[in-house]
Every structure is written in structure tokens, then in C-alpha cells.
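Can you make the complete structure from the sequences, with help from the hints?
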Amino acid sequence: MFRTGSQDSFLASLRATPADIRVPRSSRLRSFVIGWSRDLATREFLTQLLVVFLAYFVAGKLGQATTNIRSSNLGPVWPAYGIALAVFLKYGYRVWPAVISSAFVVALEGSVPPLAAAGQATAATVAAASGSWLLRRIPNFDPSLPRLRDALGLMVIGAFGSAFLSSLFGILSLYATGIQPYSGIESAWLVYWLGDSTGVLLVTPLVFTLPQLIGIRSPARIAELVALVALTAFGGCIVFGNFFQVHLDVFAFAVLPLVMWAGIDFGIAGATLSVFLIAAIATILTALGFGPFATNTAFTNAVLLDVLFTLLSVSGLTLASAISERERAERERERLIRARVEVEARLRHAAVVESSDDAIVSEDLNGVVLSWNQAASRTFGFAETHAIGRPISQLLPPELLSDETTVLQQLRGGERMVHLERTRVAEGGEKTHLSSTISPLRDSAGQLVGTVRIIRDISERKRAEEALARAKRKLIRVQEQERARIARELHDDIGQRLALLTVGLTRVSSELQTQASEIAADLQSLSHELHPSKIEVVGAIPGMRVFCREFSAQHQFNVHFEASDLTRQLSSNISLSLFRILQEALHNTAKHSGVRQCRVRVWEAHGWAHLVVSDEGKGFEPAAVKEHRGIGLMTMQERAGLVDGELRVDSQPGRGTTVHARVPIIDTDTAHAAGA
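In our numbering, the protein residues as written are 1 to 676.
Quick caveat, the hints were computed from the structure, so don't treat them as lab data. Remember, it's a predicted structure, so these values are computed and weren't measured experimentally. What you were told as hints is all true, and nothing was included just to trick you.
Computed beta-carbon distance windows for the label pairs:
no.	residue 1	residue 2	range
1	R43	I222	34 to 44 Å
2	Q374	E621	47 to 57 Å
3	E399	Q374	20 to 30 Å
Idealized CB from N, CA, C, for every residue including glycine.
As C-alpha cells, then:
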């Protein structure tokens, strides 16, 4: 909300001309944000004061409810003092105005004069603040009391120690104004001190641990908690309701097993809640004249109740905190064991990494090097001390980092590793082939925090593969040359002789002439398949079209051929490889598909020549073909690989087969001439 003055200034700024505006817009915005933040902090502080005031007031009125065992605003339990210590521990000392004002109002309504009320309120506020200050001096003090020393600190300093101050100055305030509760100053001070002490023991731990009980979600745990509360309430009513007409004071300790059960199963929260319920029931029933403490004087009843509550609280808090600390120690021991195992595993891993001949490098998501082994130093020339902490882009060649964004996306998408192969060209022109395997580096929660690279020099393997490829090219070249020789022999010699024989047979028998003509046609077709001279004369696509037409006529097989113009002429190697793949694919389709038609498509896209032969036949199971690859499939794959191309065969039973070959449109004759 803006104040009226702020609204006027804001409207005036809107009416002002540009010359009148001297404060930049950003400054006005900053001032508004700062003012709004201050208003928000003020509202939060005022809310805290209101909560503290009401909490202390309600706790004080509950403490004054049992008038039968109280004397002049003194009684056996004062829960408001536990609230005072809790709010100082939670909110700090700045809430003191709410504490002292609420304490004054409560004391004033307890039939004491204003001066005595002011003395009691001041004593409670100063003592609670002092107790909070002393507790904060305990190293890592936690008011939820997870450790035994925290529980002992709260009992000794927070309860008995600070309550000593509040009771001392509070009782002096009462006697200074002429008020003499109980039977004397010693008796009054004892009840005052025990009342404030039990208030801390019953209320302060409950304030900090009750959310733990509220946060229970397990149905079994909820059922057990409900059973504990019900049995505690029932047991308290039985013991302090005097149903068995037993007037022994020691009978009141029959509820101790319930406190122990609560402390063992629910910790500090359970122990405090059970003692709080028992204290509330015991106090009310004693004030009504029931129970083992109802037959004595008001002073004796108050002291006995305080002693009982103190013993129950001390026993429950000590037991629960000791169990909690032991459990924490067990968890810490297990954590240390797991950490030791992890360290040993890392040491073994580090030994393997350092002894590896492969460069192993890890980096975070910002590209900063986290680890760098000796092989990486040998490969890239940077020592470990100079590499760790530097950007990886300054250490690795750019070829290995070209797909960094894509790799991270794949790893975030669930990929377990990404494999890349890159070629590094040195200044002298020497080529080094590198294989990079990138794996995700994740934290204990499974979140991706970096990557691990294993970089291997595969130059020797690449040289071996290139030598093998050259040998294959030489073999195929020799094979093609032999095919060409046989084709010429068939066409020029045997074909001509058959032609003469056919002419001579015209005078003998027309049937023999027909058979000879068919043999001559088959022989010509065989010579064309052995050496496709058409692709050398008319080009790849026209040659393929002619072959498909001849194949259709010869095998009574319908081949639907589609082709788009190529922007560049295919080299002889590429043309021959695609032609051989087409030959093999058509023969396989005619033989195995179970249909009498197929489709052939040839086109160019993004520098690649594509050839697809597809049918709608019976198909096959790809997994079976991978295990038992035929000669035809291997031949097609080798033909594609010799011109740096790729071959993919897709098929499903009953859904046909598609053979897709693609090769880069480059001058492979020149590229492979050097290695021929």
C-alpha cells in the first residue's frame, strides 16, 4: 500500500515534463523495490511480535487455570516461560517487546499489582533471553535436541539455570509489593523455580519437534502415534483420576513406561508430547481433588507435581536424545564406511586411469577440466598441473569439440555413451586419427554434472583399414577388368560365331535357328551384365534405366524406374558401384520377394547420390539376416563402402523390403588413385 504522500508524488511525476524529471526511471524503480522490501520486512516482524504475544498469553492463561493448587499467581507449572525461551531461540532477541508486554498482561490478570506484574514480566524476559544467549554458546546447539549434550544443555542452562534468575527476581518483585505466596519466601521461590523449569522442559522442546510428528506420512507410524496418545491419555486418567483409590505418591510413576515408549519410537518429539499430556492431565485432576497428590497442602501438591514432571521430562529427554545420538552415530559410521569404499574405488579407478595408454579427461558442464591423466599429457602436450582448471577448448583440438552441444543433449537424453571419430591434421600435414568415447559424469542424485572422455589414437587401425580398402579396390578393379575381357570375348568372338551359325541354320531348321537366336540373346545379356558398357557411354542414370528395362523384359518382372537429374556427373567408381548394387538388389527381389514388381528411385540431395530399391513382398526378419549375412548383402555393403558410402536394408515380415544406398558425390577416381 502507498501512503497519500507517495501517491501525490507519483502522480506529480506523471504530470511532469521531461525537463522536470531529474531522477532516472531505474532509480525510482530501485527506490520503490527497496521501500516495498522494507515494508514486507516490517510486516513480517510485526506478525512475529503478534504471534509471540498471543502464544505467551495463551500459555500463561493455561498456567493460571488451576487455581486450587496455585497461590498468588504462582503454581506448579508455568508453560509461558517455556514459550518465552522458545521464541528467543527461534526469532532472536528482537521479539522482547512482545514477551515482556504479554508477560505483564498475564501477570496483571493474575491479581497482582502493576508493579509486581512489571517485575515478574521483566524477570521472565531477561531470564529467558539470558538462557537463550547461554544456550547459543554451546557449539552447534540445536533446540530440537538431536544430541545428548543439547538435551543436557537445555535442562541445565535453559530450564534450571535461567529459571533460577526468573524465579529469584520474580519472587523479589512479589515480596517487594507485599505479596507472600504459599507459606514463606523459600517455599514460594521453590515453586516459582520448579514451575518455570518444568515449563521449559515441557514446552520448549515441543515447539521445535512437534513438526516432526505432524510430518509423519506412514500409515503404520500414524496408527502407532494415535495409539500412544490414546494410551497416554488413558493411563494419565487412570493414575491421577484415583480410580483404584491408591494414595501412594509413587503410583504416579506408573506412567513412566509410556514416556519411555514415546522416547524410543518417536524421539524427542514423542517423549515431550507424552510428558506434556501427562502433565496437563495430572495438573487438572489434582486441581479438581483427584489423584495421589490431592490429599496434601497446595504447596506440597505443587512441589510433588513439579518433581514428577521434572523427573519424567529429564528421563524422557535423556533417553530420546541418547537414542537419537546413537542413531546419528550409526548413520555417520555407515556414511564413513560408504565414503571409505568410494575412496578405495576411486583410488583403484585412479590407478587404472593413470596406467591407461588412452587419454582420459573429465570436465564439468562449463567445459572446465576436472581430471587429466598421464596419457593425455603425452597425447596433447599439457602437464596435469597446467590442464586441471583450464577450459577444455584450450587443450583439445577443435575437431574433438565440434559436436559438444549435440553430445551433451544426447547424454541428458539418457545416452550412456557417445562415440566419435575425428581426424587431426598437424602443421606438417601429418594426419592423426582419434577416437573419442564420451560418457556422462553424474552426482549421487543422478544429475549430469560433467563428462568423461576416453581418447585413443587409432591411426594405425585407420591405416590398416585404408590398406585393406585399397586391396579391395584393386581386387574389384582386376575383377572388373576380367569381366570386361570375358564380355568382349563373348560379344566379339563367340557372339559373332553364333550369329554366323544362326544364319547357316536358316537352311537347316527354323527351330534350331530360334534356339540359336535365344542363346545369342542370352549371351549378349550376360556380357552386358559382366561389363555394363552403357554407363560408360550414356552415363549412370540412363544406363540404369536401360538395365531395368532389359531386366523387366528378360525376367518378366515389372521394374518402375524413377530418377531426377543430378547436378554433377557421377564418377566411374560411383556409377559402377551403384550399378552393381542395383544389379544385386533386383536379382534378390526377383528371387526372394514373392512379387513380380518393384520400384527403383535415384536422386541427389545435399551432396549425396541416393539409390533405393523397394518392394512390397514377403520381407524377412532383420535380426536373422544380421546373424547369417548372405554373399549378396555383403557385396552390396562392400560396394558402398569402397566409395565411402552407406547401405541400409529395412525389412519386416509381410511388409516388404527396402535397400537404400547413398554415396557422396566426389571424384573418387582421383581420391583413390593415390592409394590404388
